[in-house]
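Engineer: From first to last, the protein sequence lines stand for chains Y and H. According to our numbering, the stretch in the first sequence is residues 1 to 278, in order. According to our numbering, the stretch in the second sequence is residues 1 to 278, in order.
Please note that a few of the clues may not be correct.
Each pair may be met inside one copy or between any two copies, as identical chains are not told apart.
The calculated SDA-like cross-link candidates involving lysine to any residue, where the alpha carbons are at most 20 Å apart (straight line), are [said to hold, decoys possible]:
no.	residue 1	residue 2
1	LYS162	GLY197
2	LYS44	GLY27
3	LYS66	LYS79
4	LYS66	THR107
5	LYS149	THR186
6	LYS9	LEU47
7	LYS54	VAL15
8	LYS44	VAL15
9	LYS149	GLN113
10	LYS159	ASP247
11	LYS16	LYS74
12	LYS173	ILE5
13	LYS187	GLN113
14	LYS78	GLN235
15	LYS115	CYS195
16	LYS44	GLY259
17	LYS16	LEU228
18	LYS115	GLN191
19	LYS21	GLU55
20	LYS149	HIS164
21	LYS159	CYS195
22	LYS159	ILE190
These aren't lab readings, by the way, just hints derived from the structure by calculation.
There are 2 protein chains.
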Amino acid sequence: MNTNIDIIKSSGEKVKFSLKKLRTSLGKSGADQQTVNEIIDKVKEELYDGISTKEIYNRAFALLKKKGGHLASKYKLKKAIYDLGPTGYPFERFISAILKYSGYKTTVGEIMQGKCVRHEIDVVADKNGMTTLIECKFHTEQGRNCNVKVPLYIASRFKDVKAHWDTKRHETKLEAGWVVTNTRFTKDAIQYGNCIGLYLLSWDYPNNDGLRNRIDRLGLYPITVSTLLTNREKQFLLSRDVVLCRDLIDDLFFLDHLGISETRKSKIQKEIKMLCKQ
Amino acid sequence: MNTNIDIIKSSGEKVKFSLKKLRTSLGKSGADQQTVNEIIDKVKEELYDGISTKEIYNRAFALLKKKGGHLASKYKLKKAIYDLGPTGYPFERFISAILKYSGYKTTVGEIMQGKCVRHEIDVVADKNGMTTLIECKFHTEQGRNCNVKVPLYIASRFKDVKAHWDTKRHETKLEAGWVVTNTRFTKDAIQYGNCIGLYLLSWDYPNNDGLRNRIDRLGLYPITVSTLLTNREKQFLLSRDVVLCRDLIDDLFFLDHLGISETRKSKIQKEIKMLCKQ
Chain Y
1 MNTNIDIIKS
11 SGEKVKFSLK
21 KLRTSLGKSG
31 ADQQTVNEII
41 DKVKEELYDG
51 ISTKEIYNRA
61 FALLKKKGGH
71 LASKYKLKKA
81 IYDLGPTGYP
91 FERFISAILK
101 YSGYKTTVGE
111 IMQGKCVRHE
121 IDVVADKNGM
131 TTLIECKFHT
141 EQGRNCNVKV
151 PLYIASRFKD
161 VKAHWDTKRH
171 ETKLEAGWVV
181 TNTRFTKDAI
191 QYGNCIGLYL
201 LSWDYPNNDG
211 LRNRIDRLGL
221 YPITVSTLLT
231 NREKQFLLSR
241 DVVLCRDLID
251 DLFFLDHLGI
261 SETRKSKIQK
271 EIKMLCKQ
Chain H
1 MNTNIDIIKS
11 SGEKVKFSLK
21 KLRTSLGKSG
31 ADQQTVNEII
41 DKVKEELYDG
51 ISTKEIYNRA
61 FALLKKKGGH
71 LASKYKLKKA
81 IYDLGPTGYP
91 FERFISAILK
101 YSGYKTTVGE
111 IMQGKCVRHE
121 IDVVADKNGM
131 TTLIECKFHT
141 EQGRNCNVKV
151 PLYIASRFKD
161 VKAHWDTKRH
171 ETKLEAGWVV
181 TNTRFTKDAI
191 QYGNCIGLYL
201 LSWDYPNNDG
211 LRNRIDRLGL
221 YPITVSTLLT
231 NREKQFLLSR
241 DVVLCRDLID
251 DLFFLDHLGI
261 SETRKSKIQK
271 EIKMLCKQ
């Protein structure tokens, strides 16, 4: 099969199909080489000019699910992050958790006084005597990128808070501002962020240190990756601030709350444990 | 009739009915005292607890229309501004026109280099050796106010452009940044704008110098105030950059383009002339 075909991205953009990208993506699920090769062979057979990335991804996911639930869960990670919506609140808690497991002390939704006005800061994170202000930009739709206006307003907000902060005594220094999104930054958003000194974190930015990499490295999967929990169950857990699979291991009584049978419960428990295993 | 009743604003907020506000609003249409009194008496009879501002307004408008088309047109000004949508582009041209008739030299949609990135500036306005950058924030829905994020990002944008501007020779000084909206600013948007030195202009802010006041003072009514032109005709004119009634007086051939009959044309012409009369 000729794989020199055009595929359609969620943004509507047309690009050349890349075998390498599909291989990398499947590899990240934790599947072994042989499994990846088998899946790729099957997906290749079903390619056609104008196929959407979503179709390719769904097909690969279905094949992966046959091989083992937890592999499919990891593969579905990007979608799982979208499923944290519709509000941005669980995403903020998720980012806060990622930082906590990287050694930060974090608080969510803190109101801070600026020189001009008061601001609600999504996540405030302390580490090594430094305070970092983090703004989370959550999008429920694919292809909706984070444009330059976001780092522009965060830069002003950071300056306003810092102008007030520096007039008082504090145990830590306020030095860094972050903007985090589950989608992507536009080119000028990145250009502006770098120029003004904001740290930008998106699904795949910075290179090798984006959200996907951090999640894989820390094993901090959101509960929305589960293939066994229903959407209703996931939303129930999110509303109780259970955002990470890891949280669920300690708090299995939430599953009793949901009236989940013992058989399903042990299956879910097994899936969750596989996911948390580094 | 007891006028001590609660009415519902478009934002959903409940407030006490104010006879004074209705009187002021009708007065601004240019109607004489007697007409205003007659209309108020009729509207009062139809008030009830929980009536929406929109209902009151529609009723007053209908009565005003009976008295004379051009009075009703002026009364409908706020809605006419919304009708400049759905895109924000005609509103930018409209703001540009208001500034032009106040002695500024203006350009719309100019790309300007900043220190970090390039920015598209909605309106750039020069007067007395000063350059002003203006960002327009147009909302199609009532009750959607302009929050603090807007002046926050405009402040950063202004600084970025100024940082580059000041490294070059220019005939004018870049000194002022404006944010203009057809709705309202939230309290902290105003607080931040004043603190950081941005000029904010909204429907009724600053007091006695808001958009409504400026439009009345300059007699610069948007073509969308016309009660005789249809929506399709208005959209056609907007797409040809005919935004002001005043523009239409000079370019009546646009009405021929639309295949409007001579009888209707002369009626429209009469309405437009009444509106432009100071």
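Engineer: Each of the hints needs a verdict: does it hold here or not?
Structural biologist: Evaluation of the provided hints:
no., hint, result
1, LYS162 with GLY197, "both (14 Å within a copy, 18 Å between copies)"
2, LYS44 with GLY27, "within (16 Å within a copy, 73 Å between copies)"
3, LYS66 with LYS79, "within (19 Å within a copy, 58 Å between copies)"
4, LYS66 with THR107, "neither (40 Å within a copy, 61 Å between copies)"
5, LYS149 with THR186, "both (10 Å within a copy, 19 Å between copies)"
6, LYS9 with LEU47, "within (14 Å within a copy, 55 Å between copies)"
7, LYS54 with VAL15, "within (13 Å within a copy, 50 Å between copies)"
8, LYS44 with VAL15, "within (16 Å within a copy, 64 Å between copies)"
9, LYS149 with GLN113, "between (22 Å within a copy, 16 Å between copies)"
10, LYS159 with ASP247, "neither (35 Å within a copy, 44 Å between copies)"
11, LYS16 with LYS74, "neither (25 Å within a copy, 56 Å between copies)"
12, LYS173 with ILE5, "neither (52 Å within a copy, 54 Å between copies)"
13, LYS187 with GLN113, "between (31 Å within a copy, 15 Å between copies)"
14, LYS78 with GLN235, "within (17 Å within a copy, 42 Å between copies)"
15, LYS115 with CYS195, "between (23 Å within a copy, 8 Å between copies)"
16, LYS44 with GLY259, "neither (42 Å within a copy, 58 Å between copies)"
17, LYS16 with LEU228, "neither (34 Å within a copy, 54 Å between copies)"
18, LYS115 with GLN191, "between (27 Å within a copy, 11 Å between copies)"
19, LYS21 with GLU55, "within (15 Å within a copy, 58 Å between copies)"
20, LYS149 with HIS164, "between (23 Å within a copy, 18 Å between copies)"
21, LYS159 with CYS195, "both (15 Å within a copy, 13 Å between copies)"
22, LYS159 with ILE190, "both (19 Å within a copy, 18 Å between copies)"
Hint compliance for this structure: hints 4, 10, 11, 12, 16, 17 are broken, all remaining hints hold.
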